[in-house]
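If you read the protein sequences in the order shown, they are chains C and E.
Be aware that the first sequence starts at 6, since it is given in our numbering, and climbs by one per residue.
Be aware that the second sequence starts at 6, since it is given in our numbering, and climbs by one per residue.
Keep in mind the hints are simulated off the structure, nothing from the lab.
Mixed in with the good hints, there may be bad ones.
Just so you know, same-sequence chains aren't split out, so a pair can sit in one copy or run between any two.
What the hints assert, rightly or not - Taking lysine-lysine pairs in the DSBU-like style, the calculated list, with each CA pair at most 35 angstroms apart, reads:
#, residue 1, residue 2
1, K385, K128
2, K29, K385
3, K385, K31
4, K245, K31
5, K289, K139
Residue-level listing of the chains:
Protein chains: 2
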Amino acid sequence: MKTTAGGLAAPLGFKSAGAYCGIKRKRNDIALIVSDRDAVAAGVFTQNIVRASCVTANSALLPSTTMRAIVVNSGNANACNGEAGDRDNELMAQFAAESIGVGRGQIFSASTGIIGAAMPMEKVEAGIRLAATKLQDENSDAAAEAIMTTDTFPKQFAVELTVGGVQVKIGAIAKGSGMIAPNMATMLCFIVTDAAIDQAVLQEMLSRCVWYTFNSITVDGDTSTNDMVLILAKGAAGNKPITGLDTQDAAVFETALYNVCLHLAKEVVRDGEGATKLVSVTVKNVAPPKALEDAYVASGRDLTKEQRASFARSVAKTIANSPLVKTALFGNDPNWGRILAAAGRSGVQFDQSAIEISLAGHPVYSNGQPTDFDHDMLSKSMSGNELAITIDMHQLGGEQATVWTCDFSYEYVKINAEYHT
Amino acid sequence: MKTTAGGLAAPLGFKSAGAYCGIKRKRNDIALIVSDRDAVAAGVFTQNIVRASCVTANSALLPSTTMRAIVVNSGNANACNGEAGDRDNELMAQFAAESIGVGRGQIFSASTGIIGAAMPMEKVEAGIRLAATKLQDENSDAAAEAIMTTDTFPKQFAVELTVGGVQVKIGAIAKGSGMIAPNMATMLCFIVTDAAIDQAVLQEMLSRCVWYTFNSITVDGDTSTNDMVLILAKGAAGNKPITGLDTQDAAVFETALYNVCLHLAKEVVRDGEGATKLVSVTVKNVAPPKALEDAYVASGRDLTKEQRASFARSVAKTIANSPLVKTALFGNDPNWGRILAAAGRSGVQFDQSAIEISLAGHPVYSNGQPTDFDHDMLSKSMSGNELAITIDMHQLGGEQATVWTCDFSYEYVKINAEYHT
Numbered sequence: 006m007k008t009t010a011g012g013l014a015a016p017l018g019f020k021s022a023g024a025y026c027g028i029k030r031k032r033n034d035i036a037l038i039v040s041d042r043d044a045v046a047a048g049v050f051t052q053n054i055v056r057a058s059c060v061t062a063n064s065a066l067l068p069s070t071t072m073r074a075i076v077v078n079s080g081n082a083n084a085c086n087g088e089a090g091d092r093d094n095e096l097m098a099q100f101a102a103e104s105i106g107v108g109r110g111q112i113f114s115a116s117t118g119i120i121g122a123a124m125p126m127e128k129v130e131a132g133i134r135l136a137a138t139k140l141q142d143e144n145s146d147a148a149a150e151a152i153m154t155t156d157t158f159p160k161q162f163a164v165e166l167t168v169g170g171v172q173v174k175i176g177a178i179a180k181g182s183g184m185i186a187p188n189m190a191t192m193l194c195f196i197v198t199d200a201a202i203d204q205a206v207l208q209e210m211l212s213r214c215v216w217y218t219f220n221s222i223t224v225d226g227d228t229s230t231n232d233m234v235l236i237l238a239k240g241a242a243g244n245k246p247i248t249g250l251d252t253q254d255a256a257v258f259e260t261a262l263y264n265v266c267l268h269l270a271k272e273v274v275r276d277g278e279g280a281t282k283l284v285s286v287t288v289k290n291v292a293p294p295k296a297l298e299d300a301y302v303a304s305g306r307d308l309t310k311e312q313r314a315s316f317a318r319s320v321a322k323t324i325a326n327s328p329l330v331k332t333a334l335f336g337n338d339p340n341w342g343r344i345l346a347a348a349g350r351s352g353v354q355f356d357q358s359a360i361e362i363s364l365a366g367h368p369v370y371s372n373g374q375p376t377d378f379d380h381d382m383l384s385k386s387m388s389g390n391e392l393a394i395t396i397d398m399h400q401l402g403g404e405q406a407t408v409w410t411c412d413f414s415y416e417y418v419k420i421n422a423e424y425h426t
Numbered sequence: 006m007k008t009t010a011g012g013l014a015a016p017l018g019f020k021s022a023g024a025y026c027g028i029k030r031k032r033n034d035i036a037l038i039v040s041d042r043d044a045v046a047a048g049v050f051t052q053n054i055v056r057a058s059c060v061t062a063n064s065a066l067l068p069s070t071t072m073r074a075i076v077v078n079s080g081n082a083n084a085c086n087g088e089a090g091d092r093d094n095e096l097m098a099q100f101a102a103e104s105i106g107v108g109r110g111q112i113f114s115a116s117t118g119i120i121g122a123a124m125p126m127e128k129v130e131a132g133i134r135l136a137a138t139k140l141q142d143e144n145s146d147a148a149a150e151a152i153m154t155t156d157t158f159p160k161q162f163a164v165e166l167t168v169g170g171v172q173v174k175i176g177a178i179a180k181g182s183g184m185i186a187p188n189m190a191t192m193l194c195f196i197v198t199d200a201a202i203d204q205a206v207l208q209e210m211l212s213r214c215v216w217y218t219f220n221s222i223t224v225d226g227d228t229s230t231n232d233m234v235l236i237l238a239k240g241a242a243g244n245k246p247i248t249g250l251d252t253q254d255a256a257v258f259e260t261a262l263y264n265v266c267l268h269l270a271k272e273v274v275r276d277g278e279g280a281t282k283l284v285s286v287t288v289k290n291v292a293p294p295k296a297l298e299d300a301y302v303a304s305g306r307d308l309t310k311e312q313r314a315s316f317a318r319s320v321a322k323t324i325a326n327s328p329l330v331k332t333a334l335f336g337n338d339p340n341w342g343r344i345l346a347a348a349g350r351s352g353v354q355f356d357q358s359a360i361e362i363s364l365a366g367h368p369v370y371s372n373g374q375p376t377d378f379d380h381d382m383l384s385k386s387m388s389g390n391e392l393a394i395t396i397d398m399h400q401l402g403g404e405q406a407t408v409w410t411c412d413f414s415y416e417y418v419k420i421n422a423e424y425h426t
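Whenever a hint applies, use it, and build me the whole structure from the sequences.
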């Protein structure tokens, strides 16, 4: 697998466009992604029970093997708008379907931006029809820009890999950068591939990849009403279709998909509101509670790898969301006490005397007490734009998980306090 | 019940003192609270599994009917210091016991401040012995000051009430103001009363009062390793002892104790790091999940009032801890979308179309959509130093809960990023 250019345009047979319709003041605010024939589709959606109209509508379309396009607007989340919101979302999909000449049931829709503002449907309709005239397969620069909200740079990525001797490509665009509106944010990612693959296999792979990537990042812990990751796969590459999870081809494809998701997930965090650094929090060797394992064994089942790793991820998420940890990171303060205290309230049991904490590769806590580290030197080595925090719980039979977060700066407060609807 | 002067000195037979020993640069850092005879004692401790030495030691002393004193230092949390920390905590209690001539088992200890720094025991010993020479029963100003860390004002309160025709008093001191060190914070509260009351009754009342007060506040969601609320009751008032929870006397006393806890809990939030306003988040009419109620009914038990209210409190806590909600509050932004989105990720089920949200008494969301409110006028009425947020879920058989929080300002980031250990 290697990276390649073109974003969404890298795989064969996908076109995209960006257009300006006036929801936002200046930048493009409508994106269209179109497959030239029916595509197998899978999706993962926000776990917030308050869901935007587009999330509900897209969920109802899955599973599908006949999807043709994704229409997206930025600047308005079309969330919490009641029946009017559902109607506007439906219209948006219909305008897209008409513009490209396919059925409404072949269109995914997505919105990101302010919650609770009415959609300016005349503008949206004009924007979608304009975007349809701009579709091209050279690159996805315009589409990647058109889905941005508080993002400071567009996010796209593509890889090529070999599946059963055939070259296959995966391309994607994504946006961040806080978790919810009305500071105009929401995590969205759209992926396309020319690989041939079964829908159920694609859905399972996407769910697993998202667990380790987009569901393992946090900017502020606030889950959006609009979050979604969608993938379209249409088989133009001509590989022998991937029909199961356990083949060599499946492993190669899933690894590539994971890498696409991981790259873009980290880009979202790197561009988190006010962020000055990308921080990985890796928690190692955390075992599931014995009672849970026993209950599974007794019922003849096994915990999945993700279930086993979820305890390590809970610890990592609690640390990654702690305002005290995040402000310390902004200040380059090697404050292991805040990390340990956050771990202690995560709900996961551990032995305080067995835990080891490292910052930027330097051990700061072990054997139940701080190490004799040089504060100023360590602070200096924390001052770059990437930082690794590692916590080892040393539990037998344990799993590990990594969560990516950013620091908490004056700029975050400024962006989120001074914006007015 | 009415408020009265004197703090810890209001009830009969309690003395207190504050002294300077040099853990902190300038301010008093040792407090001593002494009962002139054996007192019934109860306590509530941090739920963090990383616990300071003082928390572990105090828990082991309860239940007790023979406590005599509480010794406290600020500036050093004596947490995560391994066996040396346990030894230093033990020494601290012993110095206090010797200084006032009682047994070590009659002393509670408490520490607040930096996590993971060694305790300067020579200074601490001198400070405790000095404090013992300064004990007086005029007021508790010096003790209230000596337990402060990043607090900007001392917190004390006292009430008088009539129990069975006899005048009884409750006095207390507390400190905030972030949740954990090393920015030198931790929530501590020490309460004394001259009422005569059984230990088990006192413990149950304290636990219930703390549930609704100190366990219903948040500054940043970070649970300290050192949090504790202790109460000493010694019966000098001469009331007929309170021996059960269901009498008129018990109800009067518990209400007064609740009011003391509530007053100080709100003071802690009002003085939260960087806070510009005290915000109450009240969530009404949230019913427990039907499956849980059915399981209780099937087993012949009832959910307690607190268990029933815990679902409303979960929603309120998720809102109260959301960085996006808290930054919007700092900016006086009537941002109901962030409130609703936070509620949606709280884990509690509700119907989005039945929910009502009010800010400062003005409805902003109902019937599944925003109301037609005047943004600028509402923003203006949010700009005071107190604000009420109300969410009504309209679920049959539901309970309500209130959580108190503060806003999230530049100053919070400054305090927590620029401090270095």
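Results for each hint:
1. K385 / K128: Between copies only: 32 angstroms across, 51 angstroms inside.
2. K29 / K385: between (41 angstroms within a copy, 26 angstroms between copies)
3. K385 / K31: Close across copies (29 angstroms), not inside one copy (40 angstroms); limit 35 angstroms.
4. K245 / K31: neither (45 angstroms within a copy, 76 angstroms between copies)
5. K289 / K139: neither (49 angstroms within a copy, 51 angstroms between copies)
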